[in-house]
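Sequences listed follow chains A and B, in order. Count along the first sequence from 1, add 2, and you get the number used in the working numbering. Count along the second sequence from 1, add 2, and you get the number used in the working numbering.
Hints should not be assumed to be uniformly reliable.
The calculated label-pair distances, taken between Cβ atoms and stated as ranges, are [claimed, not checked]: (1) B/Ser-392 - A/Lys-221: 45 to 51 Å; (2) B/Pro-125 - A/Thr-60: 43 to 49 Å; (3) B/Leu-236 - A/Arg-25: 54 to 60 Å.
So the derived list for chain A, only partly shown, Cβ under 7 Å to chain B, looks like this [claimed, not checked]: (4) Leu-13; (5) Gly-16; (6) Thr-60; (7) Ser-72; (8) Thr-103; (9) Arg-107; (10) Asp-165; (11) Pro-253.
Computed from the model, here is a short list of chain A residues facing chain B with C-beta under 8 Å [to be verified]: (12) Leu-27; (13) Pro-118; (14) Ala-238.
Just so you know, the hints here were simulated from the structure itself, not pulled from any lab data. Only a predicted model underlies this, so the values are computations on that prediction, with no experimental measurement involved. Idealized CB from N, CA, C, for every residue including glycine.
Number of protein chains: 2
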Amino acid sequence: MMRDFIPPRRLLLGPGPSMVHPRVLQALATPLLGHLDPAFLGVMNDVQHLLRFVFATTHPFTIAVSGTGSAGMEAAIVNVVEPGDAVIVGVNGVFGMRLATVIERCGGKAIRLEIPWGQVIPPEMIESALRRSGPVKAVALVHAETSTGASQPLDTIGSLCRDHNALLIIDAVTSLGGMPVDVDRLGIDVCYSATQKCLSCPPGLAPLTLSSRALSVIKGRRTPCQSWYLDLALVAEYWAEGSRAYHHTAPISMLYALREALRLVEEEGLPTRVARHRLNSEAVVAGLMELEFTPLPLTEHRLPMLTCVTVPPHIDEAAVRQQLLQIYGIEIGGGLGPLKGKVWRIGLMGESSTEANVLTFLNALEEVLIRFGWLSTPGVALQAAARVYSRTVRKEHRA
Amino acid sequence: MMRDFIPPRRLLLGPGPSMVHPRVLQALATPLLGHLDPAFLGVMNDVQHLLRFVFATTHPFTIAVSGTGSAGMEAAIVNVVEPGDAVIVGVNGVFGMRLATVIERCGGKAIRLEIPWGQVIPPEMIESALRRSGPVKAVALVHAETSTGASQPLDTIGSLCRDHNALLIIDAVTSLGGMPVDVDRLGIDVCYSATQKCLSCPPGLAPLTLSSRALSVIKGRRTPCQSWYLDLALVAEYWAEGSRAYHHTAPISMLYALREALRLVEEEGLPTRVARHRLNSEAVVAGLMELEFTPLPLTEHRLPMLTCVTVPPHIDEAAVRQQLLQIYGIEIGGGLGPLKGKVWRIGLMGESSTEANVLTFLNALEEVLIRFGWLSTPGVALQAAARVYSRTVRKEHRA
Chain A
3 MMRDFIPPRR
13 LLLGPGPSMV
23 HPRVLQALAT
33 PLLGHLDPAF
43 LGVMNDVQHL
53 LRFVFATTHP
63 FTIAVSGTGS
73 AGMEAAIVNV
83 VEPGDAVIVG
93 VNGVFGMRLA
103 TVIERCGGKA
113 IRLEIPWGQV
123 IPPEMIESAL
133 RRSGPVKAVA
143 LVHAETSTGA
153 SQPLDTIGSL
163 CRDHNALLII
173 DAVTSLGGMP
183 VDVDRLGIDV
193 CYSATQKCLS
203 CPPGLAPLTL
213 SSRALSVIKG
223 RRTPCQSWYL
233 DLALVAEYWA
243 EGSRAYHHTA
253 PISMLYALRE
263 ALRLVEEEGL
273 PTRVARHRLN
283 SEAVVAGLME
293 LEFTPLPLTE
303 HRLPMLTCVT
313 VPPHIDEAAV
323 RQQLLQIYGI
333 EIGGGLGPLK
343 GKVWRIGLMG
353 ESSTEANVLT
363 FLNALEEVLI
373 RFGWLSTPGV
383 ALQAAARVYS
393 RTVRKEHRA
Chain B
3 MMRDFIPPRR
13 LLLGPGPSMV
23 HPRVLQALAT
33 PLLGHLDPAF
43 LGVMNDVQHL
53 LRFVFATTHP
63 FTIAVSGTGS
73 AGMEAAIVNV
83 VEPGDAVIVG
93 VNGVFGMRLA
103 TVIERCGGKA
113 IRLEIPWGQV
123 IPPEMIESAL
133 RRSGPVKAVA
143 LVHAETSTGA
153 SQPLDTIGSL
163 CRDHNALLII
173 DAVTSLGGMP
183 VDVDRLGIDV
193 CYSATQKCLS
203 CPPGLAPLTL
213 SSRALSVIKG
223 RRTPCQSWYL
233 DLALVAEYWA
243 EGSRAYHHTA
253 PISMLYALRE
263 ALRLVEEEGL
273 PTRVARHRLN
283 SEAVVAGLME
293 LEFTPLPLTE
303 HRLPMLTCVT
313 VPPHIDEAAV
323 RQQLLQIYGI
333 EIGGGLGPLK
343 GKVWRIGLMG
353 ESSTEANVLT
363 FLNALEEVLI
373 RFGWLSTPGV
383 ALQAAARVYS
393 RTVRKEHRA
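Using the sequences and the hints, build the whole thing.
Structure (structure tokens):
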């Protein structure tokens with residue numbers, strides 16, 4: 003017979019999952035209800051209400067797709083794109099590449115705007131692509147590129163898309179809950195995310211919101227959506243109030259957890275939460291730079307919840323990560339694709355973004371580097387981080 | 003601020019979700035690990051091992067798809083079927099219809115074998131369709147049709163399919179863990195299920211197993227799979243031992259829960275579990291028939307975990323279900339599609355299949371019928387159930 007599973011202690015500082023608050027773990031263990039039970043429909047209403055809050059939107063169609071963030075991406079694309087449709091897609095990392103692949107797999111034409119990884123797509127590049135190309139169904143961009151730590155500016159893109167009658171599709175998998183994702187203000191038509199990043203809920207659901215413009219495109223399709231499971235026109239009938247028609251069985255326990263995780267976001271408040279992510283990110287970057295790990299993106303394009311730093315060639319990055327995990331129980335991420343073996347990705351997302359975690363991580367990293375002979379003086383990174391924290395006025399207990 | 007969510011007490015006797023054992027709820031609340039953490043990869047290995055056990059298969063490709071049972075269905079179809087491929091599909095209920103829809107949405111040609119709901123597809127009908135049609139990519143059948151309570155015989159279908167060089171795709175969403183699903187013995191090439199039925203785990207994962215024949219069809223596709231999220235050739239690289247390449251973030255907490263739910267199945271043993279489902283089903287059917295609710299399928303084609311009975315026209319079925327839910331906290335299912343308002347679906351699945359639940363349900367039903375004036379003598383259904391139980395030799399405490 004198989005033994006009980008007792009997980010080792012872990013501090014999750016990678017690209018996700020992030021640490022999960024005990025209240026969310028407890029919510030997962032709540033006894034189940036039927037997916038059409040009036041009491042469960044109340045949970046769904048709460049989740050929709052709270053998702054509108056974190057997306058900063060009034061879109062009635064705001065739901066959680068029954069799959070991980072990648073299912074959210076696929077739902078966003080396969081509902082909007084019909085065979086032959088052109089979509090402009092920013093490609094500056096793994097998730098932009100994935101968007102292009104998903105577009106092509108449903109018969110769309112991906113117009114790739116390719117720039118070096120770590121950089122962001124200049125708005126002029128998008129504007130010129132919109133001018134140059136014929137009719138374009140949508141522009142798809144990754145707000146927070148988890149493979150490079152780059153933060154895509156979105157301020158002007160929404161109106162550009164409206165001017166060219168294109169929908170704006172935004173991947174907010176890593177950004178939602180850790181930096182502003184102002185869906186209405188930015189004019190985002192399709193925005194999807196994931197639960198296991200800055201919302202600090204286990205992976206398994208993909209928050210998704212659609213503008214009325216996006217909804218009418220979806221409802222006016224010439225061809226049926228290739229996916230039945232992710233067909234948002236059908237899913238809408240279950241999530242929409244009033245109708246609640248059976249489509250597929252909702253992942254009940256995960257929705258309990260998401261409700262509680264979103265409640266924690268609401269209790270903290272978005273501005274406080276955003277400031278917390280920014281502060282801890284500045285502190286960890288200061289510490290890392292002191293150790294000669296340099297962030298890949300330029301200062302103004304760095305994400306506050308995911309820091310991607312290049313590892314100097316003399317350092318065996320895999321050996322360091324292994325010691326961090328095995329000795330200290332700290333998980334950080336390695337590089338993906340062409341960045342494999344060259345960068346680390348340190349996530350300070352949601353519950354993981356705390357001063358305690360920044361200090362614990364930097365201290366452990368220094369110890370490992372000293373052990374390998376790649377650093378001589380202990381405490382230099384901690385000191386750099388302390389300087390950042392000391393600049394901040396302590397108004398209240400800082401998470 | 004939103005209140006704590008305190009679910010009402012429920013006895014889940016509908017078509018799923020079923021009751022979840024406290025050990026499984028507790029497993030859900032286990033702190034998270036990274037999805038590439040060696041300790042988590044161990045959990046995945048355990049899940050694969052236990053899934054092979056319940057599927058009665060040695061197929062190396064045995065995994066849990068990151069979505070509900072409907073995602074399992076979609077994964078099964080979109081990986082096997084390419085545009086233009088013909089698939090013979092048995093249509094005798096909602097889930098056969100859904101299979102045909104999914105086949106058509108990925109460009110396949112669904113050859114529907116339609117028979118009245120509640121009946122099963124005769125093997126001769128499948129054989130003649132295989133003879134009549136040109137090359138057929140697969141035969142797709144629903145083992146346990148949740149909308150009608152019918153149990154599809156599968157004994158001869160596997161060899162028929164092999165004779166005609168077609169794959170056999172089986173929907174075991176409702177059957178797995180409650181009746182034998184002997185994947186290897188029956189020659190099933192693609193078999194998918196769900197967690198919230200007889201495995202008594204919350205909804206959110208779809209167990210799926212592929213034969214080597216199915217795998218080579220998938221790896222030899224002329225066109226890429228339309229779904230990136232459900233592309234089993236890519237998913238295999240994460241689940242396959244040795245490689246463990248990142249595809250999408252696994253639903254970690256749900257996999258903890260599935261491991262524990264499968265462990266409970268292993269501890270009980272499949273023969274005992276199957277016998278328990280059969281016995282409680284016989285008892286509930288005896289009670290219902292005493293009240294003049296007749297099962298839809300013939301005796302030999304009745305499912306042991308889901309009983310679908312026709313409701314006599316003088317009974318307001320929705321009013322009874324509402325009282326069962328509101329007064330007794332008991333959920334049973336109504337009819338779907340053309341059976342809406344005409345049948346009830348009583349699920350005794352996994353943890354829900356107990357003598358206590360059968361007696362509690364029959365007693366509550368009698369009370370409601372008496373209250374409405376549709377029954378005069380209390381206890382008749384209970385007595386009929388007791389007669390069934392009394393025929394069984396009590397070897398040990400009967401769940």
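Hints the structure fails to honour: The structure breaks hints 1, 2, 3, 4, 6, 10, 13 and 14; every other hint is satisfied.
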